[in-house]
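Numbering-wise (this note's numbering), the sequence shown opens with residue 4 and increments by one.
Note that these hints are calculated values from the structure, not bench results. Treat the hints with care, as some may be off.
No more than 20 angstroms apart at the CA atoms, straight line, and that leaves these computed lysine to aspartate or glutamate pairs for EDC-like [unchecked claim]: (1) Lys99 to Asp248; (2) Lys99 to Asp129; (3) Lys183 to Asp161; (4) Lys183 to Asp214; (5) Lys174 to Asp150; (6) Lys258 to Asp311; (7) Lys305 to Asp169; (8) Lys212 to Glu155; (9) Lys274 to Asp287; (10) Lys212 to Asp165; (11) Lys305 to Glu167; (12) Lys135 to Asp224; (13) Lys227 to Glu208; (14) Lys274 to Glu167; (15) Lys125 to Glu253; (16) Lys89 to Glu245; (17) Lys212 to Glu131; (18) Lys174 to Asp302; (19) Lys274 to Glu68; (20) Lys183 to Asp215; (21) Lys89 to Asp249; (22) Lys305 to Glu253; (23) Lys227 to Asp214; (24) Lys174 to Asp146; (25) Lys212 to Asp150; (26) Lys135 to Asp215; (27) Lys89 to Asp293; (28) Lys135 to Asp161; (29) Lys258 to Glu270; (30) Lys135 to Glu155; (31) Lys274 to Asp249; (32) Lys305 to Asp112; (33) Lys212 to Glu151.
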Amino acid sequence: MRTTPGDYVLITGQRDVPGMAITSPARRSLTAPAVGLVASLTVSLAVLAPVTPAFADANAVPTYEVKINLTSAALDASHTPTSAVKAAFGITGSAKARSYEYYDTNALDLNAQGWDVRLRHKSGSDFEETYKKRFPAFDGDIDAALDEANAEGFDSSDTNYDAEVDWGYAKQTLSFSNEKSHSASGYSGTSMPSSSTGRTWLVNEIPGKLDDWLSSNWGSDTLKVSRAHGPVTSQVWSGAWESSDDASVEVLPVKDSTGTGTEYVVELSFKTDNYADAAQLHADAVAVADGHGWLYHGDILKTQLILDRY
Numbered sequence: 004m005r006t007t008p009g010d011y012v013l014i015t016g017q018r019d020v021p022g023m024a025i026t027s028p029a030r031r032s033l034t035a036p037a038v039g040l041v042a043s044l045t046v047s048l049a050v051l052a053p054v055t056p057a058f059a060d061a062n063a064v065p066t067y068e069v070k071i072n073l074t075s076a077a078l079d080a081s082h083t084p085t086s087a088v089k090a091a092f093g094i095t096g097s098a099k100a101r102s103y104e105y106y107d108t109n110a111l112d113l114n115a116q117g118w119d120v121r122l123r124h125k126s127g128s129d130f131e132e133t134y135k136k137r138f139p140a141f142d143g144d145i146d147a148a149l150d151e152a153n154a155e156g157f158d159s160s161d162t163n164y165d166a167e168v169d170w171g172y173a174k175q176t177l178s179f180s181n182e183k184s185h186s187a188s189g190y191s192g193t194s195m196p197s198s199s200t201g202r203t204w205l206v207n208e209i210p211g212k213l214d215d216w217l218s219s220n221w222g223s224d225t226l227k228v229s230r231a232h233g234p235v236t237s238q239v240w241s242g243a244w245e246s247s248d249d250a251s252v253e254v255l256p257v258k259d260s261t262g263t264g265t266e267y268v269v270e271l272s273f274k275t276d277n278y279a280d281a282a283q284l285h286a287d288a289v290a291v292a293d294g295h296g297w298l299y300h301g302d303i304l305k306t307q308l309i310l311d312r313y
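Could you build the full structure based on these sequences and the hints that come with them?
Below you can see the structure in the form of structure tokens.
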């Protein structure tokens with residue numbers, strides 16, 4: 004049993020109690036005061052013992068996406084992954100464009116509650132509407148994050164949400180995503196709708212968990228006064244590496260912190276269905292990238308960059 008400071012655990016069996024003599028095997032009886040003390044301590048400890056949360060359904064079973072950031076050393080002069088990077092990580096596909104933006108208030112009220120709402124348009128596809136709830140996995144404790152999510156109603160019975168663990172360089176985050184689509188008729192390439200049009204789509208499609216997160220209609224009321232943060236347009240190259248048949252390198256140009264220039268975020272990612280494969284992919288990707296001098300020693304959160312800079 005794992006305990007932390009402040010936890011109280013009720014342990015049954017013979018224990019020494021200050022001020023009370025425990026008899027030897029030949030002397031089993033206790034005096035009346037001692038019996039009363041034992042009963043009192045038992046009741047007190049039982050009251051202090053933490054109650055294990057009772058979940059209606061089992062925890063969700065997540066998939067995994069390993070996300071490692073690379074430095075500008077991984078790009079050539081045209082901001083394309085170098086041939087060495089592609090060869091090292093099994094990237095064989097040609098570049099595909101995608102544009103996306105996040106909807107939130109100026110004060111980022113949705114993000115503050117762990118919710119991100121994204122509208123994305125991949126070339127040649129319909130629009131993707133994604134409503135995502137995040138649960139940090141502190142110190143890599145995914146089980147604790149799954150327990151917290153379960154207590155909030157995100158469990159194995161909710162088929163409207165896909166559970167995934169994003170495994171970065173130094174941190175892990177559990178997320179639950181509800182994805183919907185909207186026709187791209189009338190929109191070419193990766194073009195995006197106006198901020199007001201996109202907001203209307205997202206409000207009309209809002210899932211119940213987000214809508215009633217803090218109070219009835221809180222989500223839709225918040226979205227109605229939100230705006231588009233973005234859009235940004237990235238290029239993505241795909242392939243397969245080790246146990247992942249869904250490997251990719253995304254290069255995303257974003258405004259720099261001063262708003263006067265552009266910086267390029269390079270994200271190497273691998274999707275897989277189980278923890279063991281994810282752990283191996285993470286270790287190997289970090290080792291290969293570091294060995295070639297491409298590794299960024301930290302985690303760059305694209306969502307936060309876009310929300311903060313646009």
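Okay, the hints, checked on the actual structure:
1. Annotation: proposed proximity of Lys99 to Asp248 holds, straight-line Cα distance about 17 angstroms (limit 20 angstroms).
2. Taken as a hint, the Lys99 and Asp129 pair is honoured in the structure, with Cα atoms around 15 angstroms apart against an allowance of 20 angstroms.
3. The suggested pairing of Lys183 with Asp161 holds, with an alpha-carbon distance near 15 angstroms, which does not exceed 20 angstroms.
4. This hinted pair checks out: Lys183 and Asp214 have alpha carbons roughly 15 angstroms apart, not beyond 20 angstroms.
5. Simply put, Lys174 and Asp150 have alpha-carbon atoms about 18 angstroms apart, close enough for the 20 angstroms limit, and the pair holds.
6. Distance check on the hinted pair: Lys258 and Asp311 sit about 10 angstroms apart at the alpha-carbon level, within 20 angstroms; holds.
7. Our distance criterion of 20 angstroms between C-alpha atoms is met by Lys305 and Asp169, whose separation comes to about 12 angstroms.
8. At most 20 angstroms may separate the alpha-carbon atoms for a hinted pair to count; Lys212 and Glu155 meet this at roughly 9 angstroms.
9. For a cut-off of 20 angstroms, the pair hint linking Lys274 to Asp287 stands: about 14 angstroms separates their Cα positions.
10. A hinted pair counts as satisfied when its Cα atoms are at most 20 angstroms apart, and Lys212 with Asp165 qualifies at roughly 14 angstroms.
11. Taken as a hint, the Lys305 and Glu167 pair is honoured in the structure, with Cα atoms around 17 angstroms apart against an allowance of 20 angstroms.
12. A hinted pair counts as satisfied when its Cα atoms are at most 20 angstroms apart, and Lys135 with Asp224 qualifies at roughly 17 angstroms.
13. A hinted pair counts as satisfied when its Cα atoms are at most 20 angstroms apart, and Lys227 with Glu208 qualifies at roughly 12 angstroms.
14. Straight-line distance between C-alpha atoms of Lys274 and Glu167 comes to about 10 angstroms, which keeps the hinted pair within the 20 angstroms bound.
15. For the proposed pair Lys125 and Glu253, the alpha carbon gap of about 13 angstroms is at most 20 angstroms, so the pair holds.
16. For the hint linking Lys89 to Glu245, the alpha-carbon distance of about 14 angstroms falls within 20 angstroms, and the restraint holds.
17. This hinted pair checks out: Lys212 and Glu131 have alpha carbons roughly 19 angstroms apart, not beyond 20 angstroms.
18. Annotation: proposed proximity of Lys174 to Asp302 holds, straight-line Cα distance about 8 angstroms (limit 20 angstroms).
19. For the given pair, Lys274 sits about 4 angstroms from Glu68 by alpha-carbon distance, which is consistent with the 20 angstroms threshold.
20. For the given pair, Lys183 sits about 18 angstroms from Asp215 by alpha-carbon distance, which is consistent with the 20 angstroms threshold.
21. Restraint check for Lys89 and Asp249: satisfied, since their Cα atoms lie roughly 14 angstroms apart, inside the 20 angstroms limit.
22. For the proposed pair Lys305 and Glu253, the alpha carbon gap of about 11 angstroms is at most 20 angstroms, so the pair holds.
23. About 11 angstroms separates the Cα atoms of Lys227 and Asp214, which keeps this hinted pair within 20 angstroms; it holds.
24. The hinted pair formed by Lys174 and Asp146 meets the criterion: a straight-line CA distance of about 14 angstroms does not exceed 20 angstroms.
25. A hinted pair counts as satisfied when its Cα atoms are at most 20 angstroms apart, and Lys212 with Asp150 qualifies at roughly 17 angstroms.
26. The suggested pairing of Lys135 with Asp215 holds, with an alpha-carbon distance near 14 angstroms, which does not exceed 20 angstroms.
27. Restraint check for Lys89 and Asp293: satisfied, since their Cα atoms lie roughly 15 angstroms apart, inside the 20 angstroms limit.
28. For the given pair, Lys135 sits about 14 angstroms from Asp161 by alpha-carbon distance, which is consistent with the 20 angstroms threshold.
29. Distance restraint check for Lys258 and Glu270: the Cα-Cα separation of roughly 16 angstroms lies within the 20 angstroms cut-off, and the hinted pair is therefore satisfied.
30. For the proposed pair Lys135 and Glu155, the alpha carbon gap of about 14 angstroms is at most 20 angstroms, so the pair holds.
31. The hinted pair formed by Lys274 and Asp249 meets the criterion: a straight-line CA distance of about 5 angstroms does not exceed 20 angstroms.
32. At most 20 angstroms may separate the alpha-carbon atoms for a hinted pair to count; Lys305 and Asp112 meet this at roughly 18 angstroms.
33. A C-alpha spacing of about 15 angstroms is found between Lys212 and Glu151, which places the hinted pair at or below 20 angstroms, so the restraint holds.
Taken one by one, the earlier hints all hold for this structure without exception.
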